[in-house]
Amino acid sequence: MRRVVVTGLGMVSPLGGDVETTWKNILASRSGAGPITHFDATDYVCRIACEVKPADHEYGFDPNLRVDHKVQRQVDPFIIFGIDAAGQALEDAGLTDMSEQERFRAGCSIGSGIGGLPGIESESLVLHEKGPRRVSPHFVHGRLINLISGQVSIKYGLMGPNHAVVTACSTGAHSIGDAARMIAMDDADVMLAGGAESTICPIGIAGFSQARALSTSFNDTPEKASRPYDVARDGFVMGEGAGVVVLEEYEHAKARGAKIYAEVVGYGLSGDAYHVTAPHPEGSGAYRSMEMAMRKSGLSLADIDYVNAHGTSTPLGDELELGAVRRLFGDAIGTMSMSSTKSAIGHLLGGAGAVESIFCILAMRDQIVPPTLNLDNPSEGCAGVDLVPHVAKERKVKAVLNNSFGFGGTNASLVMKAI
Amino acid sequence: MSETADRVKKIVVEHLGVEAEKVTEDASFIDDLGADSLDIVELVMAFEEEFGVEIPDDAAEKIGTVKDAIDYIESKQ
Chain Y
1 MRRVVVTGLG MVSPLGGDVE TTWKNILASR SGAGPITHFD ATDYVCRIAC EVKPADHEYG
61 FDPNLRVDHK VQRQVDPFII FGIDAAGQAL EDAGLTDMSE QERFRAGCSI GSGIGGLPGI
121 ESESLVLHEK GPRRVSPHFV HGRLINLISG QVSIKYGLMG PNHAVVTACS TGAHSIGDAA
181 RMIAMDDADV MLAGGAESTI CPIGIAGFSQ ARALSTSFND TPEKASRPYD VARDGFVMGE
241 GAGVVVLEEY EHAKARGAKI YAEVVGYGLS GDAYHVTAPH PEGSGAYRSM EMAMRKSGLS
301 LADIDYVNAH GTSTPLGDEL ELGAVRRLFG DAIGTMSMSS TKSAIGHLLG GAGAVESIFC
361 ILAMRDQIVP PTLNLDNPSE GCAGVDLVPH VAKERKVKAV LNNSFGFGGT NASLVMKAI
Chain R
420 MSETADRVKK IVVEHLGVEA EKVTEDASFI DDLGADSLDI VELVMAFEEE FGVEIPDDAA
480 EKIGTVKDAI DYIESKQ
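Residue numbers (the numbering used here), protein chains in the order written: chain Y, 1 to 419; chain R, 420 to 496.
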């Protein structure tokens, strides 16, 4: 089987417009949460989110760096975030000047959980108030989930597989796993893979609130709201942004002397077959997903140094994931560290698995694991597990496991190791 | 330059993201300003909103240059 490595990273997050700024802030235990500014949330039970900051902010995002003005006007923010993160990743990999032959073998698999919800919401109001002749001609292709892959392929001339995963909060991890398989199966030599999301809009916050998924007890102290594994956790904090990696066939990367961050060695997928929003009460889907990824990796559980948990800060989900990890790892649980970076940047939904995979890779690069913020009083099931409370921790990190679980009972796990 | 021309050019600059100097009256939306057919649909909608006129599809199809747009709008005012 052809080996697949990561050679480029790109990110737009609530803690930075790029990878290094975000990572620096994550390691400094900063929180990206704050009051919602994208709309007036006064009447909402949840009035906080982890928004991507404007360009003039200390760690803001400037859409003008990589996205044409015209495109910015036509598409939803998740596409803008995705195009920029993909551009960052290609630049990081040194692949912005591929020949036509190389570009036939380079593709995109950048998905989203929900897609252009803000634009669907606002154009619905235009339709309602002004009639069908006022709906934008760019409405459809400015909202479609596969239009990050579409826009990126056009911008950079990538003519290989053009794909987009839609598996709710597992999207980012599935995108990377699926794209890695496309390379392994010889469909491509290079794939841009990841996910993006931006649904901090009235209908998005109202919908997730009505599903009782969001934190509502910390509106006055937003930075305290995302607290995975803590007894006071009461739901997730919505984030936004994008993560994209360049995946590349190992020999291809080696031949051009590319900087190699990590190898993707294991990918597991499963379905809970239980409930649309609640995780399986025994965490069996999560367990089988991790178990499959580990089996494919050829590594032993004792080899895993760091687990980036799904850990959304919901009362039910965190505990069930931890239980599944505990059952899978057995005695090996004592030697690994596990944290949830959602405590800092919130839940990026379809972008989460990609952004968190990048944190895993950086943990291996820098030999440091990011913290779980706000873990003041760990809940009962946490004993004996290093959840890296409050501050980042230097330690050996040679192999990592990343989990993502989504509505519909969809689970994905990735195992990566340093080369 | 007429007031209508000023407002038309402002809309073109904003929607197509082009430099104001390029938006001459002779400029073709597609050949000179990089627009595609959907951009023209959007421009026509913006003209309708701005000037409170209706531009039917058969008239919109004949608008190829900045001057075509200005002339059509002025003929309806």
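Just so you know, the hints here were simulated from the structure itself, not pulled from any lab data. Please note that a few of the clues may not be correct.
Said to hold, decoys possible - Okay, derived cross-link-like pairs now, BS3-like style, lysine-lysine, Cα gap no bigger than 25 Å in a straight line:
(1) R:429 <-> Y:259
(2) R:441 <-> Y:70
(3) R:441 <-> Y:130
(4) R:495 <-> Y:70
(5) Y:70 <-> R:429
(6) Y:155 <-> R:495
Every value quoted in this text rests on a predicted model; they were computed, and no experiment measured them.
The hints, checked one at a time:
1. The hinted pair formed by residue 429 of chain R and residue 259 of chain Y fails the criterion: a straight-line CA distance of about 46 Å is larger than 25 Å.
2. Among the hinted pairs, residue 441 of chain R with residue 70 of chain Y is consistent with the structure: their alpha-carbon atoms are about 16 Å apart, no more than 25 Å.
3. Of the pairs offered as hints, the one joining residue 441 of chain R and residue 130 of chain Y is violated, with about 32 Å between alpha carbons and a cut-off of 25 Å exceeded.
4. Of the pairs offered as hints, the one joining residue 495 of chain R and residue 70 of chain Y is violated, with about 29 Å between alpha carbons and a cut-off of 25 Å exceeded.
5. For the hint pairing residue 70 of chain Y with residue 429 of chain R, the CA-to-CA distance comes to about 14 Å; that is within 25 Å, so the pair holds.
6. Of the supplied pair hints, the one linking residue 155 of chain Y and residue 495 of chain R is violated, its CA atoms being roughly 40 Å apart against a limit of 25 Å.
Hints 1, 3, 4 and 6, counting from the list given before, are not met by this structure.
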